[in-house]
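Enquirer: Kindly produce the complete structure, drawing on both the sequences and the hints.
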Amino acid sequence: MFQKNRLIIVLLALCITALFSFSVMAQDAPLEINFYYPTAVGGPLTQIFDGYAAQFNEANPDIKVIPTYAGGYNDISAAIQTEIQGTGEGPDVAVMLAADTQTFIDNGYIVPVQQFIDEMEDGEAYVNDFFPAFLLNSVDGDGMVWSIPFQRSTPVLYYNKDLFNEVGLDPEKAPANREELIEYGKQLTLPDGERWGLLIPSDGFPYWLFQGFAIANGQNVVGENPAEVFFNAPPVVSALEFFGSLPDEGIMPDGVIVWGDTPTAFTSGKAAMIYHTTGSLTNILNNATFEVGVGFLPAGDVGYGAPTGGGNLYVFTTSTPEEQAAAWRWIEFLSSPEIQSDWSAGTGYVAARQSAWELDPLMSLVAEKPQYGVAREQLEFADKELATHQGLDIRNILGTAISRVITGEMEPQESLDQAQAEAEAILSQYR
Amino acid sequence: MDAPAQVATSQLKTLPQIGPQKSLLALLFPYFLVAPTLILIFVFTIWPTTQTVIGSLYKPPLTVRQQEQFVGLQNYVDLFDSSRTTRPDISAVFTKILVNTLVFTTSTVLVSVPVAFIFALLLNRKIRYLGIWRFSLFYPALLPLIGAASIWSFIYADTIGLANTVLRSFGLPTVQWLNIQSMSLLSVIIVIIWKQTGYYMIFYLAGLQSIPRDIYEAADLDGANIWQQIRFITLPLLRRTTLFIMVVAFTAGFQMVEQLEALGLGGPNDSSNLLLYYVFQKFSDPRNWGYVNAITVILLLILMLFTVTNFYFFEWRRIREDEH
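Top to bottom, those sequences are chains A and B. What the first sequence shows, in our numbering, is residues 1 to 431, in sequence order. What the second sequence shows, in our numbering, is residues 1 to 324, in sequence order.
Treat the hints as calculated values from the structure; they're not laboratory data. Note that CB positions come from ideal geometry on N, CA and C, so glycine has one too. Fair warning: there could be bad hints in the mix.
What the hints assert, rightly or not - Here are the in silico distance ranges between beta carbons for each label pair: (1) B:Leu73 to A:Gln47: 50 to 60 Å; (2) B:Gln51 to A:Glu183: 54 to 64 Å; (3) A:Gly260 to B:Tyr129: 37 to 47 Å; (4) A:Gly71 to B:Gln67: 30 to 40 Å; (5) A:Lys186 to B:Gln66: 50 to 60 Å; (6) A:Gly108 to B:Ser150: 35 to 45 Å; (7) A:Asp50 to B:Val308: 45 to 55 Å; (8) A:Tyr69 to B:Gln255: 27 to 37 Å; (9) B:Lys126 to A:Asp50: 33 to 43 Å; (10) B:Lys126 to A:Gln47: 51 to 61 Å; (11) A:Gln47 to B:Phe170: 45 to 55 Å; (12) B:Tyr216 to A:Asp192: 47 to 57 Å; (13) B:Val103 to A:Glu58: 54 to 64 Å; (14) A:Ile66 to B:Phe44: 29 to 39 Å.
Expert: In structure tokens form, the structure reads like this:
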């Protein structure tokens with residue numbers, strides 16, 4: 001009996017020693033942070049992120065960031081959802097769609113990064129250095145910041161300067177408004193689909209480029225309230241009327257135009273002007289055998305206008321407070337002007353912080369290739385990307401309404417009325 | 001009692017007695033043997049199916065602060081009736097996608113199976129370069145579906161695609177393969193027919209080669225021409241093969257959706273969308289899971305209908321024939 005007791009005591013002592021040594025080890029080992037990122041543009045993304053992580057880990061020995069390429073934006077959402085339901089392990093910090101901030105709040109995925117900004121010495125200056133247009137998709141109705149702009153973009157007009165020369169247009173002047181867009185388009189189009197004057201892609205997420213037309217008409221499709229949309233407001237309807245009329249002018253093909261094919265059509269000379277994301281700029285410059293011009297999206301009824309797009313950095317509810325704090329330090333690093341400048345020059349995304357544009361390599365890149373600076377100048381006229389409760393479904397509803405018009409199934413007014421009713425049915429539940 | 005019988009009885013007595021404790025083990029032993037299969041079926045079939053059916057009866061919470069809500073069969077009703085639902089956007093397209101799925105499956109099967117039969121007939125003879133012919137017709141079946149679809153996305157691409165470039169070089173009007181509603185589903189069907197025909201052809205070739213040649217020789221002697229031989233010998237003898245291919249083709253048809261990822265994402269306006277792909281598109285938002293589950297159950301019921309048909313043709317009939 002006595003011997004048995006002694007055995008137990010010895011075992012207990014061993015356990016305690018083991019536990020103690022474990023906790024000592026845990027204090028020594030750096031805190032591991034899983035960082036997930038999706039791909040959306042070309043370029044050696046993995047290399048770039050691995051480089052940033054190495055740089056960060058060296059400067060912060062108590063943290064170890066593990067970057068993971070996680071497929072598309074949706075795959076990251078799936079990982080978080082799985083972790084919330086208690087199976088599997090997801091990221092502690094990730095790049096996800098900026099337009100999904102409200103949806104992620106509803107889902108309980110994310111914690112507001114405002115708490116970390118408040119603890120910063122120069123928190124206000126930090127936030128104010130971001131372009132205001134990019135921050136619009138980061139804040140909720142109360143102005144609380146939930147996510148940090150990271151790989152952001154905006155659509156611009158690409159045009160073929162050689163073809164402008166060929167048909168007698170000034171290659172230094174992109175079409176300034178819609179009348180010029182049509183006029184130039186007509187001059188640049190060759191018959192029988194040999195060459196189109198203009199291509200505006202409309203598959204996948206047609207709501208995005210369309211927002212540019214609506215904003216330029218003075219009415220974005222969404223406002224500050226994430227439970228409200230303006231799909232059938234008169235300026236939006238007239239924007240869709242114009243968008244839908246482009247094939248009738250003979251400068252753009254009928255039917256849906258494929259996003260992924262459009263840059264190729266442009267660089268191969270099959271299209272003289274295209275609407276596309278700034279994220280494609282590097283790819284287009286690398287592949288074009290002619291001089292590429294980049295301009296603002298042509299002005300509408302009230303002036304220039306464009307949406308923003310791309311991904312933000314999020315911190316998740318599934319992490320411990322220590323992991324969240326460490327994740328924030330990684331975000332601070334990624335959103336620093338130095339990294340933003342490098343990231344923008346390396347990928348073609350628009351650096352989200354204004355001070356990043358005063359630093360190399362971005363500053364010298366813009367000096368050398370002024371095409372890289374156009375998106376930044378256009379940000380002054382940019383407004384938020386369509387972001388609401390249940391964002392994916394609402395964006396789909398507007399997208400479907402647009403393609404109903406493009407394919408000739410419905411008139412703009414009827415189609416947008418239907419979209420508004422469908423969106424109302426969903427959003428009214430949140431009011 | 002003679003000697004050998006005595007030996008047998010004595011051997012019997014030396015066998016270990018099965019007592020009450022051991023009999024339990026003996027009773028459970030078969031279940032241990034089937035356990036791996038049963039566990040797999042339970043984890044990967046029965047459990048998820050039950051969850052899907054249960055999930056289809058609930059409306060998921062709008063935000064984390066709310067509870068899910070039992071709605072009975074409301075999700076199913078909503079799919080077909082857009083008048084009173086909170087999701088008119090889903091009910092507006094569901095019927096369209098259901099019809100697309102039926103059209104897609106039926107037309108790919110009804111074209112590719114007869115064509116596969118004709119190819120098999122043509123290649124079931126001694127011709128030069130037989131191997132090359134057979135391989136050329138079979139090789140699309142070897143490609144992964146997404147790879148085949150990517151090849152066709154280059155062919156179909158609007159301004160820069162191969163098909164339109166060829167049409168243009170002949171001075172013919174170009175076609176918008178994937179970009180207009182009237183063409184998109186047809187374009188996807190063409191890809192699947194191209195891909196699947198060679199696969200079904202292999203079954204027919206195997207079937208053809210199992211038919212004894214002397215039947216045809218006898219028919220020749222009786223003066224039957226080639227059409228009569230096909231009509232009265234080949235087709236009846238390949239009945240089993242045809243039924244098998246039909247059932248395989250139909251079930252595969254409902255499950256083949258990944259081509260849409262490369263061929264227009266089910267658009268424009270869901271004109272080429274299919275049920276399973278729609279489920280995939282709607283799945284990423286948890287708030288759609290009530291509808292997603294309901295659509296999955298509907299798809300499951302359709303597939304079960306074909307499985308039952310399969311059973312009827314292959315098993316039940318054979319049992320009846322064996323009884324006679």
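Enquirer: For every hint, state whether the structure bears it out.
Expert: To see whether the hints hold, each was checked on the structure:
1. At about 53 Å, the CB distance of Leu73 of chain B to Gln47 of chain A agrees with the hint of 50 to 60 Å.
2. Remark: the range hint 54 to 64 Å for Gln51 of chain B to Glu183 of chain A is upheld by a beta-carbon distance near 59 Å.
3. In this structure, Gly260 of chain A and Tyr129 of chain B meet the distance hint of 37 to 47 Å, their C-beta atoms being roughly 38 Å apart.
4. The hinted range of 30 to 40 Å is satisfied by Gly71 of chain A and Gln67 of chain B, whose Cβ atoms lie roughly 32 Å apart.
5. At about 54 Å, the CB distance of Lys186 of chain A to Gln66 of chain B agrees with the hint of 50 to 60 Å.
6. For Gly108 of chain A and Ser150 of chain B, the Cβ-Cβ distance of about 38 Å falls inside the hinted range of 35 to 45 Å, so the restraint holds.
7. Checking the proposed 45 to 55 Å range against Asp50 of chain A and Val308 of chain B shows it holds: the Cβ atoms sit about 54 Å from each other.
8. For Tyr69 of chain A and Gln255 of chain B, the Cβ-Cβ distance of about 28 Å falls inside the hinted range of 27 to 37 Å, so the restraint holds.
9. Against the hinted window of 33 to 43 Å, the Cβ-Cβ separation of Lys126 of chain B and Asp50 of chain A comes to about 59 Å, which falls outside the hint.
10. Restraint check, Lys126 of chain B to Gln47 of chain A: a C-beta distance of roughly 57 Å satisfies the suggested window 51 to 61 Å.
11. A beta carbon spacing of about 46 Å between Gln47 of chain A and Phe170 of chain B agrees with the range 45 to 55 Å that was offered as a hint.
12. Range check, Tyr216 of chain B to Asp192 of chain A: about 53 Å between beta-carbon atoms, so the 47 to 57 Å window is met.
13. Between Val103 of chain B and Glu58 of chain A, the C-beta spacing of about 59 Å keeps the proposed range 54 to 64 Å intact.
14. A beta carbon spacing of about 30 Å between Ile66 of chain A and Phe44 of chain B agrees with the range 29 to 39 Å that was offered as a hint.
Consistency note: the structure conflicts with earlier hint 9 alone.
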